[in-house]
Every structure is written in structure tokens, then in C-alpha cells.
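Student: Same order as they appear, the protein sequences are chains F and G. Following this note's numbering, the numbering of the first sequence begins with 10 at its first residue and continues without gaps. Following this note's numbering, the numbering of the second sequence begins with 208 at its first residue and continues without gaps.
Worth flagging that the hints you see were computed from the coordinates, not collected in a lab. Here the structure is a predicted model, which is why all the values come from computation and not from measurement. Mixed in with the good hints there might be a few duds.
Within a straight-line C-alpha distance of at most 27 Å, the following computed BS3-like cross-link-like pairs (lysine-lysine) qualify [as the list claims (entries may be wrong)]:
(1) F:K80 - F:K18
(2) G:K249 - G:K316
(3) G:K249 - F:K18
(4) G:K316 - G:K263
(5) F:K66 - G:K249
(6) G:K263 - G:K278
(7) G:K316 - G:K278
(8) F:K23 - G:K249
(9) G:K306 - G:K278
(10) G:K306 - F:K18
(11) G:K275 - G:K263
(12) F:K66 - F:K80
(13) F:K23 - F:K80
(14) F:K80 - G:K249
(15) G:K275 - G:K306
(16) G:K306 - F:K66
(17) G:K306 - G:K249
(18) G:K263 - F:K80
(19) F:K23 - F:K66
(20) G:K306 - G:K263
Here are a few chain F residues that sit away from chain G, every Cβ distance over 12 Å (derived from the structure) [what the hints assert, rightly or not]:
(21) L22
(22) T29
(23) R86
(24) D114
Using N, Cα and C, we set each Cβ at its ideal position, and we do this for glycine too.
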Amino acid sequence: NAGVTQTPKFQVLKTGQSMTLQCAQDMNHNSMYWYRQDPGMGLRLIYYSASEGTTDKGEVPNGYNVSRLNKREFSLRLESAAPSQTSVYFCASTEDSNQPQHFGDGTRLSIL
Amino acid sequence: GESVGLHLPTLSVQEGDNSIINCAYSNSASDYFIWYKQESGKGPQFIIDIRSNMDKRQGQRVTVLLNKTVKHLSLQIAATQPGDSAVYFCADTTSGTYKYIFGTGTRLKVLA
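Same shape as in the complex, but just chain F:
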């Protein structure tokens, strides 16, 4: 009963390095999301994929790209990491737009 699985759990990068965060869900959900969580702020949407084959920008997309690889997998890429991207990143999935989101346990990313 895995739900939403994120890898890696922790990562430290140097400024300018690139990295891909992986997310997979086994609930056959149509929609997937990437958020970042920073101290004192609510979760902020980076990108989402309403269905397989589509992706759209959220509130804070700059510096990120995404790929909906198939129905199960949705990856987030940082092409040139910046210290401002130090955060905890969460992936989530839902069956549809007005259903509860199911979250992974996050990737804790530090950029030096």
C-alpha cells in the first residue's frame, strides 16, 4: 500500500547543479502535483498535471520543469539550482480536481 513515493528523501546540491526529483503513485490517479513547503508559508503549487499528457504552471514555476512520464510518474527538474530553491518538495495525486490530495513524504533539498 505505497500510495505516493518520492525519491530521493534528502539531497544537497551546489548552486548551478541540476537535479530531477522523482514521484510515482500507485492509486491510478489522473492528476499529479508538485508543491514546495517553506517555513511560515502554506504549500505552494509549482506545476500540476491534470491528466496524462498535460502539464500546467502553478503559482511558483520559475526555475523548474516537469515531465508527466506516464499515468504513474511525474518528475520535477531543477536545471540550475539556486539557494532560493532550498525547500521541502512534496508530490501529490488526486483522482480528479475536487478530491483530496494524497501526498508523498517529501524531498528535503538544500542548495549551497
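Given chain F, work out where chain G should sit, using these hints.
Tutor: This is chain G only, laid out in the frame that chain F set:
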């Protein structure tokens, strides 16, 4: 440890007492509302949801109340237990938008 909750308001309750956590939302078009629980180092966990055609919904030891007139949501936890200690936050969305707005959260501390 997790620094996400660094500046959160805190509610301290005695074990066995009832807890009430409040949330205000701003979008009058929101029609679906969710409460999440987040433990340190974990992803948000779905607790209960409510749609805009209801004003109250009950689950196991939890009740959500929705007041659309003043755009207010509350979560009531009955007979609070040590395992309820966590950060709680609400989210709201409008059907079809795939965009959920998350509150910053309230930290619940259960005193033995």
C-alpha cells in the same frame, strides 16, 4: 528536525479535552474544503473533507464545520490524544481548477 512549522500559531490542549482549530479562506468561489494533518518529517495526511453544499460533516473523532457566509472552516477533534500532536492545515479549491489553496497551519500540542 523539520523547520517548516517555525512560525506557526500553537494550540495547547490537555489530553482528553476537545480541540478546535480554525481556518479562514478568501475565495468565495471555493466549493471543496479539506483538512490535513502533518507530522514532523512526513507529508500531509488527509483527515476529512466537506463540500460547499454542506455545513457540517463528521468522521471518527473529528468534525468539520463550514460557514460560507464568513468564509470560515473549523476542525473539531474530540477527546484529543497524544497522537494528535501535529500541524493541521486547511485547503480549499474550486472544482475544475486543480488549484488548491493551503493555509499556513496550526500546531496542536497535546499535554499529558
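Student: Quick one, are K306 of chain G and K18 of chain F close enough, alpha carbons at most 27 Å?
Tutor: 25 Å, holds
Student: Keeping to a limit of 27 Å between CA atoms, is the pair of K275 of chain G and K263 of chain G held or broken?
Tutor: Holds: K275 of chain G and K263 of chain G sit about 11 Å apart, inside 27 Å.
Student: R86 of chain F clear of chain G by more than 12 Å, beta carbon to beta carbon?
Tutor: With a cut-off of 12 Å, R86 of chain F remains clear of chain G, as the shortest Cβ separation is near 20 Å.
Student: Could you grab the alpha-carbon distance between K249 of chain G and K316 of chain G and see if it respects the 27 Å cut-off?
Tutor: 17 Å, holds
Student: Tell me if the straight-line CA distance from K306 of chain G to K278 of chain G falls inside 27 Å.
Tutor: 18 Å, holds
Student: Compare the distance between the alpha carbons of K263 of chain G and K278 of chain G with 27 Å, and conclude whether the hinted pair is satisfied.
Tutor: Judged against 27 Å, a Cα distance of about 14 Å means the pair holds.
Student: Has the given pair, K23 of chain F with K80 of chain F, been kept, meaning a C-alpha gap of at most 27 Å?
Tutor: 32 Å, violated
Student: Would you check the hint for K306 of chain G and K263 of chain G, treating anything up to 27 Å between C-alpha atoms as holding?
Tutor: It holds: about 23 Å lies between the C-alpha atoms, which stays within 27 Å.
Student: For a C-alpha distance cap of 27 Å, please report whether K80 of chain F and K249 of chain G respect it.
Tutor: 24 Å, holds
Student: Quickly compare the C-alpha distance for K66 of chain F and K249 of chain G to 27 Å and report which way the hint goes.
Tutor: 25 Å, holds
Student: Compare the distance between the alpha carbons of K306 of chain G and K66 of chain F with 27 Å, and conclude whether the hinted pair is satisfied.
Tutor: 10 Å, holds
Student: Are the Cα atoms of K263 of chain G and K80 of chain F separated by 27 Å or less?
Tutor: 35 Å, violated
The structure does not agree with the numbered hints 13, 18, 24 stated previously, though it agrees with the rest.
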